[in-house]
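*Asks:* Protein chains in written order, with the working numbering: chain A, 286 to 620; chain B, 286 to 620; chain C, 286 to 620; chain D, 286 to 620.
Treat the hints with care, as some may be off.
Because identical chains cannot be distinguished in the list, a pair is counted as satisfied if it fits within a single copy or across any two copies.
[To be verified] Result set (SDA-like, lysine to any residue): computed pairs, CA atoms no more than 25 Å apart in a straight line: (1) 546 x 339; (2) 481 x 447; (3) 537 x 572; (4) 325 x 554; (5) 537 x 405; (6) 325 x 288; (7) 544 x 322; (8) 481 x 376; (9) 546 x 493; (10) 541 x 528; (11) 325 x 346; (12) 325 x 547; (13) 325 x 417.
It should be emphasised that the hints constitute simulated quantities derived from the structure, not laboratory data.
4 protein chains.
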Amino acid sequence: MIEVGIFGGSGYTGGELLRLLSAHPEVEVVVVTSRRFGGKPVSSLHRHLDGIYDLSFENPTPAEVGDRCDLVFTAVPHGSAMGIVPELLDSAKVIDLSADYRLPPRVFEAIYGLEHSDAREAVYGLPEIHTVAGHDLVANPGCYPTGAVLAAAPLASERLLSLAVFDSKSGISGAGAEPSMVSHYPEMAENVQPYKLTTHRHRAEIVQELGRLDGGSASISFTPHVVPSVRGILTTAHLFTRESVDGEEIRKLYEKFYKNKPFIRLRETIPSLPAVRGSNFCDIYIETDDDNNRVVVITAIDNLVKGASGQAIQNMNLIFNLDETTGLWQPGLAP
Amino acid sequence: MIEVGIFGGSGYTGGELLRLLSAHPEVEVVVVTSRRFGGKPVSSLHRHLDGIYDLSFENPTPAEVGDRCDLVFTAVPHGSAMGIVPELLDSAKVIDLSADYRLPPRVFEAIYGLEHSDAREAVYGLPEIHTVAGHDLVANPGCYPTGAVLAAAPLASERLLSLAVFDSKSGISGAGAEPSMVSHYPEMAENVQPYKLTTHRHRAEIVQELGRLDGGSASISFTPHVVPSVRGILTTAHLFTRESVDGEEIRKLYEKFYKNKPFIRLRETIPSLPAVRGSNFCDIYIETDDDNNRVVVITAIDNLVKGASGQAIQNMNLIFNLDETTGLWQPGLAP
Amino acid sequence: MIEVGIFGGSGYTGGELLRLLSAHPEVEVVVVTSRRFGGKPVSSLHRHLDGIYDLSFENPTPAEVGDRCDLVFTAVPHGSAMGIVPELLDSAKVIDLSADYRLPPRVFEAIYGLEHSDAREAVYGLPEIHTVAGHDLVANPGCYPTGAVLAAAPLASERLLSLAVFDSKSGISGAGAEPSMVSHYPEMAENVQPYKLTTHRHRAEIVQELGRLDGGSASISFTPHVVPSVRGILTTAHLFTRESVDGEEIRKLYEKFYKNKPFIRLRETIPSLPAVRGSNFCDIYIETDDDNNRVVVITAIDNLVKGASGQAIQNMNLIFNLDETTGLWQPGLAP
Amino acid sequence: MIEVGIFGGSGYTGGELLRLLSAHPEVEVVVVTSRRFGGKPVSSLHRHLDGIYDLSFENPTPAEVGDRCDLVFTAVPHGSAMGIVPELLDSAKVIDLSADYRLPPRVFEAIYGLEHSDAREAVYGLPEIHTVAGHDLVANPGCYPTGAVLAAAPLASERLLSLAVFDSKSGISGAGAEPSMVSHYPEMAENVQPYKLTTHRHRAEIVQELGRLDGGSASISFTPHVVPSVRGILTTAHLFTRESVDGEEIRKLYEKFYKNKPFIRLRETIPSLPAVRGSNFCDIYIETDDDNNRVVVITAIDNLVKGASGQAIQNMNLIFNLDETTGLWQPGLAP
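Build out the structure end to end from the sequences listed, making use of the hints.
*Replies:* Next up, the structure:
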């Protein structure tokens, strides 16, 4: 059994790690930390886990957590992980769900406005694109970049992309477990709320990852929206190509690129969020618009699963040389 | 023109007063107060009012507000109104949307756990039951009591009621404009949340008002729920009668009781919230259950209109001897 | 491996059986029937199951289905099951999700207005109350009766109940996979819709099952509502007792009654739907109202799981002498 | 008083015309037609109008309707209006809410796959761009084109636009009052559903109207989505300009272009749907993305009001030389 800890387990990604790990045959969760809820049963906060876990939140030092675990998931605010991860790595592997290790320190500092104190490199844990096995520290991708990069990667890898507009629609759980105006029911029900139209921090990850594939030759725009759903990110990728492309060839390109990637489902029909809800799948659909060299690619993921905790477990499986799908091979919850 | 002020205009009831008053031909809103937003345009907070009002929030004393107005709506927290109303009454009429004047001071103190400093009497502003004209101070009813009392009043007035269970379902705007866990979208979407199962403070109003009609002979239970809707309260009144009653007669009783009450619509079909949304109507439907002396009465109101701001304007009309429907004769927003 | 068939697999209960059975270690689904979709891949309709199942809908005779299976779930319309079940029983065990075997034939005929052609008895598959093991035919309970009966059974078993009002709030998936006015988004969003206020057919099951416990001494009312949620039934049981009862004793009574019932969670806080969503749990909360001999019991279930397909699998486990929780021990999907 | 008829009054646009016209001081609705509901009270279908209108649906000929009216709104399916409008025009003015007169007949035939039988010209009733006064026949714009064209018109009029991607998010009422799979609550709740990614018929209107302004020099893409809201269209216009543009100048350009257009509100903050719900406003927000010559413009409208019935009444006002805002100067319903 892999002994696993969750550092910062009171938020939605912490709860989701626990939910998913309860179905994992090779894992035992041995410690879940929370400064605020230390001493309280995990199920007093995550009520859906009542009867499933008998753990209470603890408040130990990172070193103690590392000692007790083979692997630790860090689910702490951006800027906090880098203060914890080095100690954890002394005795455990780490999958970090914050943004701290996703970008080079100087880029991170520019984008997040925080000083970076730990220059070590991590693998960017998008396993459909990077080789994760063999690493001790994984930077788990942002939710939006997961949906956006998977939409465009095959075209970028062929250097076909000239201009990409990612218009993403996210469920409200992406705003976290703490109430605020953006998650206030009367404001968000019956609404669609665009935000950070040109300045969202996840754009840097999209630019970085697509740039690794095409050398940065494409112009990349990203605009996020919140929609009145709890879970899910649907990304509409308006992808303009350098030259006219054939629909059939594009599809073959995607099939080849995602061959043997079990969580990618290339669909014949336009994806929807219920089909991936609660699951680690990324559903992809492609349609070409012959008029103007546009390919419209739709991706649908659950932001808390493939966009966060599920992908983290997928990365864990790879690090421990388990089948990538172990404990994650579950259908979505529909309807 | 009636010159009107709103004391405490930053919440949902304040915004709704402004929305509704914008259609009132006899009213000019001359002052809207807010300690927190003083100096800011009203439309910077209530964005739907942009272009409609050119007012900014002010922060004057109650005396100043009273001086400038013929009538003031007080929309401040429970316990705060009684510190403002006496001064306002020196020069203006007052309709208080808080609970402060709805119950006798001693009952108020027991229920709300606050000391009461102003023993003056107000009329309970449920105009289908009380005569409001001629009063200077109106205690505007609570949202739940409005739906519950209107459901049972005709039966109570005939002393037919032996046991009443009011099971109410409210939209989330009832929790107010401030974000909190009960209004956090990911918690309330796809949920139904009962609360204060046996102890909600509005029960005292229901007991008081039905007691005025039947001398307190009925046993009264009230359990509220929040449902994933923004507006509306649907009340399912399970009304057990002392003796077997005939469905036709019950309906006639309701027709007679609510004759010439323009905002009561006795429906032939089961009410729904969209039909009253944004309007001051209370839709009522009656069905008798012959098996067990039960009458099921459904009432549907918009909690912010007939349950708060619309009823307050209805009361204002009556105080100023206008037709009760002036400025309020609008259909619901459906779908 | 238990070889399982689903007769009528195109609806929501069929899809949910497939979703849940995909996690069951002792089951293989060998046939899923649909007259309408025969020949099409199961995942073309149930898109969340893409990659999980490689089956296509078939359209065989009941006898053929029975021959190929150890157990068949029948998920066909009320009145249709009785024409299929006898043939299936020749070679397989059957769990019927329709209403056909829940009530005595004559009661069924009165309530459903259909002739009953198969007088054989089935066990009523509410395993917290009935012994299911040893039976070949299970009548899987209705969704509302599951929530209502579990709320009141401990009190009824002690003959403490004098009057019960079950006010239930259901998600819209209960209306099925076929579009109709009651499931039309613009009509049901931002709404609460009561229906069949005094005449819902599920009342007969509630009366029957509580009557088995208390000899029919309690008066029973049931009023259902649809709320804007996809899944879940929250039941508010207003239970009036013959005599004043002590809150502590009531709780102990429930603890004792539900001892060793793994899917019953007696909660310390008021239940909500997300905590049970997608899971087979029934969360229960009890609060006494000393004023008027009322006990308010809240139950929360997922109507498609504990209210239908999950309970059916729980019954299957019992029939095959597996642990009741096999393949079902999953937390809810929250948020 | 202008005597007005509604031809085809049973759908959502018919109901919305009635709702809005009830507040119009210069209009009397004299006839509402419906083949299907002829003879039934209008309020039996549009229940929110109970007490407001005392009309019943009728089923007269177009000639009869024209005779009784000064103006007729036609709210019939695409392809049906052209069979009715010529007769109506014999004696009344017409505002057609179908697509029949929005495009040149040959374009209409290519896009809608229907033969066009009436070559007469109509004014395209987007009053912020076209002069409507003086016309007898108005082609009321599509809901998506209203939001998209208003987003880009100022840039197009200056020939600054090189490439426009309109990514629109619509409420479900746009799918109409008839239940279907796309409006089935369990499928659309908690979902975002893109459709007709590259082939939606409204694109032709957008191309036509922007082309009138810039000679067709911009490449135009349009992709619609349905979001779980009843009303509203939020359009994210990703507008790429020929040259780098200054944010301040763009804003001034929009201010100048929309000067004296009362229903356009240029906002300082990002629009949302509640602020326009039920109102005829189009809220617009502009943000420039210096990295890549992109201007992101957000527009928010109520699809049933500015996107259909409200705009139709605005056009009516202009035809009858009333102030454009008569009867329409109402704030949105928020929250």
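*Asks:* Under a CA distance limit of 25 Å, which applies to residue 537 and residue 572: within one copy, between copies, both, or neither?
*Replies:* This pair counts as within: shortest intra-copy Cα distance 13 Å, inter-copy 38 Å.
*Asks:* For residue 546 vs residue 493, is the C-alpha pair at or below 25 Å within one copy, between two copies, both, or neither?
*Replies:* within (22 Å within a copy, 44 Å between copies)
*Asks:* Check residue 325 against residue 547 for me: Cα-Cα at most 25 Å, and say if that holds within a copy, between copies, both or neither.
*Replies:* For residue 325 and residue 547, only the inter-copy Cα distance (23 Å) is at most 25 Å; the intra-copy one is 38 Å.
*Asks:* How would you classify residue 325 and residue 288 at a CA-CA limit of 25 Å: within, between, both, or neither?
*Replies:* within (21 Å within a copy, 44 Å between copies)
*Asks:* Since the copies are identical, ignore which copy is meant and state whether residue 481 and residue 447 lie within 25 Å (CA to CA) inside a copy, between copies, both or neither.
*Replies:* Both: 23 Å inside a chain and 23 Å across chains, each within 25 Å.
*Asks:* Regarding residue 546 and residue 339, is the shortest C-alpha distance of 25 Å or less found within a copy, between copies, in both, or in neither?
*Replies:* between (35 Å within a copy, 17 Å between copies)
*Asks:* If the cutoff is 25 Å on CA atoms, where do residue 537 and residue 405 land: within, between, both or neither? Let me know, please.
*Replies:* This pair counts as neither: shortest intra-copy Cα distance 38 Å, inter-copy 48 Å.
*Asks:* Within, between, both or neither: how does the pair residue 325, residue 346 come out at a Cα-Cα threshold of 25 Å?
*Replies:* Classified as within; 17 Å inside a copy, 47 Å across copies.
*Asks:* Can you give me the call for residue 325 and residue 554, within, between, both or neither, at a CA distance of at most 25 Å?
*Replies:* Close across copies (15 Å), not inside one copy (46 Å); limit 25 Å.
*Asks:* Checking residue 481 and residue 376: alpha-carbon separation at most 25 Å within a copy, between copies, both or neither?
*Replies:* neither (39 Å within a copy, 49 Å between copies)
*Asks:* Under a CA distance limit of 25 Å, which applies to residue 541 and residue 528: within one copy, between copies, both, or neither?
*Replies:* Intra 20 Å, inter 38 Å, cutoff 25 Å: intra-copy only.
*Asks:* Classify it for me, residue 325 with residue 417: is the Cα-Cα distance of at most 25 Å met within a copy, between copies, both or neither?
*Replies:* Neither. Shortest intra-copy (35 Å) and inter-copy (38 Å) distances fail the 25 Å Cα cut-off.
The earlier numbered hints that this structure contradicts are 5, 7, 8, 13.
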